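S.K.: Chain by chain, the residues run as shown.
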Amino acid sequence: MHAILQNLSILAYVAATGLSFAYLVQREELIHRLASVITGAGWVAQTVALVALGHELGRPPLGSLGEAVSVAVWGIVLLEMWVERRARVKVLGAFVLPVVLVFSLKAAATRQQLPEIAPALSGAWLWVHIGLALVGIAAFALNFAGALMYLLQERQLKAKRPGKLYYRLPDLETLDRLSYRTLALGFPFLTTGLVLGVLWAGAAWGSVFAFDPLALLSFVAWVIYAGTLAGRVAGWHGRRAAYFAMFGFAALVLTLGAGLFLPGKHG
Amino acid sequence: MALVVAGLSHKNAPVELREQLALEEDKLRELLREVAAGGAAREAVVVSTCNRVEVYAVADVPDEARAAVFRQLCRHRGVDQAAVEAVLYTHVEGEAVRHAFRVTASLDSMMIGEPQILGQVKDAFALAQACETVGPTLHTLFTQAFAVAKKVRTETEIARHAVSVSFAAVELAKKIFGGLAGKAILLVGAGKMSELAAKHLVEQGAFPIYVANRTWARAQELARALAGTPVPFEELDAALAGTDIVITSTAATEPVVTLPRVQQAMQGRRSRPLFFIDIAVPRNVEASVDTLDDVYCYDIDDLHQVVDANIRERLREAQRAEALVDREVAKYLARLGDVEVIPTIVSLRERLEEIRAGEVKKTLARLQGASPETREALEALSAAIVNKILHAPITKLRESSRAGASRSWLDLVHELFALGRK
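For the record, the sequence lines run as chains A and B.
Going by the numbering used here, the residue at position 51 of the first sequence is 51; the numbering climbs one at a time, nothing skipped.
Position in the second sequence (first residue = 1) + 1000 = the numbering used here.
Bear in mind the hints are in silico, worked out from the structure with no lab data behind them.
Please note: incorrect hints may appear among the correct ones.
Derived coverage of chain B by chain A (criterion: at least 3 residues anywhere in the stretch with Cβ under 8 Å from a Cβ of chain A; other residues may be distant) [to be verified]:
#, segment
1, 1171 to 1181
2, 1270 to 1284
3, 1292 to 1298
4, 1308 to 1322
Straight-line alpha carbon distances no greater than 30 Å define the calculated BS3-like cross-link-like pairs of lysine-lysine that follow [said to hold, decoys possible]:
#, chain 1, residue 1, chain 2, residue 2
5, B, Lys-1199, B, Lys-1011
6, B, Lys-1150, B, Lys-1011
7, B, Lys-1011, A, Lys-164
8, A, Lys-160, B, Lys-1192
9, B, Lys-1199, A, Lys-158
10, B, Lys-1174, A, Lys-90
11, B, Lys-1192, A, Lys-158
12, A, Lys-90, B, Lys-1192
13, B, Lys-1331, B, Lys-1362
Quantities reported herein were computed from a predicted structural model and do not represent experimental measurements.
Note that the Cβ used here is the ideal one computed from N, Cα and C, for glycine as well.
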């Protein structure tokens, strides 16, 4: 049952991505409304799927990286819907949903193998570690979208030859605020998640990193975000902050990619 | 009776001719009264602006109404009617409805989306109402045209995106700063255009305003006009550091705002961009200023470029608006047609029901002692036959009205079923 619902939700995200792009090109209110409804429907289907999966497994559906990425997708979509309404950035879907799509296809590809969790991997701390890190990732996906939109709009304004995006994207101030706020939201979650992971790994394996590629790369991402946040506090903004948001998210994607492709303890 | 619109506009008539034909309000009143008295048109509305002169009329013979109105008009203005006739366009029925919708929605304007035309058509309609030349047909038409115009404005962006340089500058400022409330403006030099741009910015909440000018008296004068603060030209650097939007328009031959000056102004501003609107020719702001982060510098050519792009965007939106108008015209005609055929459908039903009831009564009178079941069956049978026979003609009538060709069908049905007066 959960597999069918998962597939349905992915289908919905595919459709919503297409519609969001269409809305970016053609300002037709109906397209936007349709995209929102389909995104919402996909999210509901995924919620039910995750609950069903958790029920079946008898544990949170966070045991494998594939499951975790799926939960991250769930969080990103939820946050996207919320921010879109809050910040009134109607084109946000076109910049967030492609990320959602890549993640959920990745998660679907690894879904079939449901590995037994190593005995070392258990306990509430583990779920908290994963959960917090995922909230951080969801916020950073929005951070990435905000930064990307900022860079595109800034380029339009500097080029002085307004193209389609100039009309469709919101103002720089809104976009900069969006990426600052998502950074401020994501960072504490990522930090706490990583600290718990480190403590827990130390306790379980007796070593902090144990040459796990995911752990190493996530540390790189954390350093980038920590640097950006420090810079923001010191007055960074706009283009420089946006570039760092892109680097940070690239590191995060690499982190998850490493977890999915390279052998390591995150499996 | 038919709806007809005849007229000339900026699309087909030279400005000299339009000028000659344009009427003031009291002349227009006179014209409307004459048209009504002449009897060529039952209803009439005359729209007269500098870009168009056109007459909407309901008349038995559209060509006669058109000729009568323009004969009067030409006589009033002393214009040769033949010259006018040569450039007149005429639309009837569905096309006239489309024309009314397009004109009112500003899709036929010289600058697509310009807002004045809606008000002008409303005035023309009000005037015709005052002269009592508006009947049910034109009333429905114009009420709907105003609704469609509103819909076009809200659902498309044909009226968005500035088509003047000063408004384009305001829109750019909004794309950079979001809201303009509390953004400080600095005017360097004076001029009509910079004053206008500053006024638009102030309307959006920009405050405070600083005015710098080589001539202190001029700075004071302009500052007074804009409720701003005059700044000595020597303190330009300090003023730059504290403003968000700078409008330059001095007659200086060398750039007044140089790269080092702006670099210095950007120090310690944290997240405050600086937007230069350089209206002066030659330019007052050094071009290399643009390479700095968070500095946006638009000269007069750039602003014109933005205006051109805005017009292109309006034209793209106009295509969507045209589709919307098409849908509205179809809806309007369908509703109108239904209204027109419904009385016929009703009397057709009544006519057949009358025949059916009469025949059933006669038959039952002969069938003494028929059981209630038999009576019921007879009623049901006759009703079913009538409905079956009526189905095709009624469908056809509705279809014909939707296709805008109900008249001949209505006549035919009236003839065939002897429905008497239409």
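S.K.: All hints are to be evaluated individually against the structure, with a verdict given for each.
M.R.: Consistency of the hints with the structure:
| no. | hint | in the structure |
| --- | --- | --- |
| 1 | 1171 to 1181 | holds (count 7) |
| 2 | 1270 to 1284 | holds (count 3) |
| 3 | 1292 to 1298 | holds (count 4) |
| 4 | 1308 to 1322 | holds (count 5) |
| 5 | Lys-1199(B) - Lys-1011(B) | violated (34 Å) |
| 6 | Lys-1150(B) - Lys-1011(B) | holds (24 Å) |
| 7 | Lys-1011(B) - Lys-164(A) | holds (29 Å) |
| 8 | Lys-160(A) - Lys-1192(B) | holds (24 Å) |
| 9 | Lys-1199(B) - Lys-158(A) | holds (25 Å) |
| 10 | Lys-1174(B) - Lys-90(A) | holds (17 Å) |
| 11 | Lys-1192(B) - Lys-158(A) | holds (27 Å) |
| 12 | Lys-90(A) - Lys-1192(B) | violated (38 Å) |
| 13 | Lys-1331(B) - Lys-1362(B) | violated (46 Å) |
Hint compliance for this structure: hints 5, 12 and 13 are broken, all remaining hints hold.
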